[in-house]
Amino acid sequence: MNVNAICTALAQLREQAPLVVNITNYVVMNNSANALLAIGASPIMAHSREEMAEMMVFAGALVINIGTLDRTWIERMTFAVEQANAAGKPVVLDPVGCGATSLRTHTARQLATLAKHLIIRGNASEIIALAGQASQGKGVDSQDPSEAALEAAKQLVEQYQAQVVISGATDYVVSNDGSFALNNGRPMMTRVTGTGCSLSAITGAFAAIGETSGLAAAAVMGVAGEIAAEQTKGPGSLQVALLDALYNLDENTLTQRLKLSQLA
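Counting in this note's numbering, the sequence shown runs from 168 upward without gaps.
Hint data in this document are derived by calculation from the structure and do not stem from the laboratory.
Predicted, not measured: the structure shown is a model, and the values here were computed from it.
Treat the hints loosely; a few may be bogus.
Restricting the straight-line Cα-Cα distance to at most 27 Å, the calculated cross-link-like pairs of lysine-lysine (BS3-like) are [claimed, not checked]: (1) Lys426 with Lys321; (2) Lys283 with Lys321; (3) Lys426 with Lys400.
Take these sequences, add in the hints, and give me the full structure.
Laid out in structure tokens, this is it:
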């Protein structure tokens with residue numbers, strides 16, 4: 168995929184306005200919903216088992232975020248993934264804090280095993296831990312550089328037949344079709360809770376219109392974050408500027424700013 172294909176995917180997303188079902192954590196529900204609206208998708212933050220089967224029939228994708236995990240959420244997430252599978256819909260898994268506790272690690276692996284059309288989006292430490300390797304995570308924060316997770320990501324691609332997006336100073340997108348590096352974004356983005364979770368939600372929006380690699384979402388979020396950071400003085404205003412940048416992002420800006428390279 169090149170920048171022209173990414174621009175085409177963004178135009179299709181805005182034209183189709185796909186519905187994305189999010190079972191996400193309490194901290195970022197508002198952030199994720201607003202990011203989806205800003206980019207042109209339609210969010211629904213649904214958690215009820217009673218409506219999930221019906222909802223996955225007409226939704227475009229399911230995003231699972233394990234940030235505020237407990238047994239009730241695990242049961243709902245498992246059922247939702249089963250319904251997404253039955254409807255043939257892609258599942259984006261954000262394994263927040265994978266490696267920090269055995270509950271998070273076990274749950275993330277269970278959900279990854281269950282999903283049939285899987286995209287994994289996490290930071291380096293989460294990706295490394297999900298693959299069963301030794302990571303240096305600190306709670307939900309990564310202490311590993313994103314490039315350190317490349318081999319783990321390749322393992323996950325093979326193990327789960329998944330696409331993998333690693334977030335960090337450099338974002339990496341890894342699949343059976345090749346690996347890409349993206350060098351946009353700014354360090355200030357790490358000072359705002361939910362930026363990675365918003366990327367996972369946007370990954371679901373692109374997956375809903377058939378762009379299941381995760382590359383277009385990472386490109387859009389990286390460029391928008393870069394623009395937002397240039398226009399603000401701190402993380403408070405960055406949250407607002409990021410939504411504006413996602414909303415106003417166009418083909419010309421993407422083409423001029425995107426720093427995308429394919430790995431050998």
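So, going through the hints one by one against the coordinates:
1. For a cut-off of 27 Å, the pair hint linking Lys426 to Lys321 stands: about 22 Å separates their Cα positions.
2. The suggested pairing of Lys283 with Lys321 holds, with an alpha-carbon distance near 17 Å, which does not exceed 27 Å.
3. The suggested pairing of Lys426 with Lys400 holds, with an alpha-carbon distance near 23 Å, which does not exceed 27 Å.
This entry satisfies every hint, going by the numbered hints stated previously.
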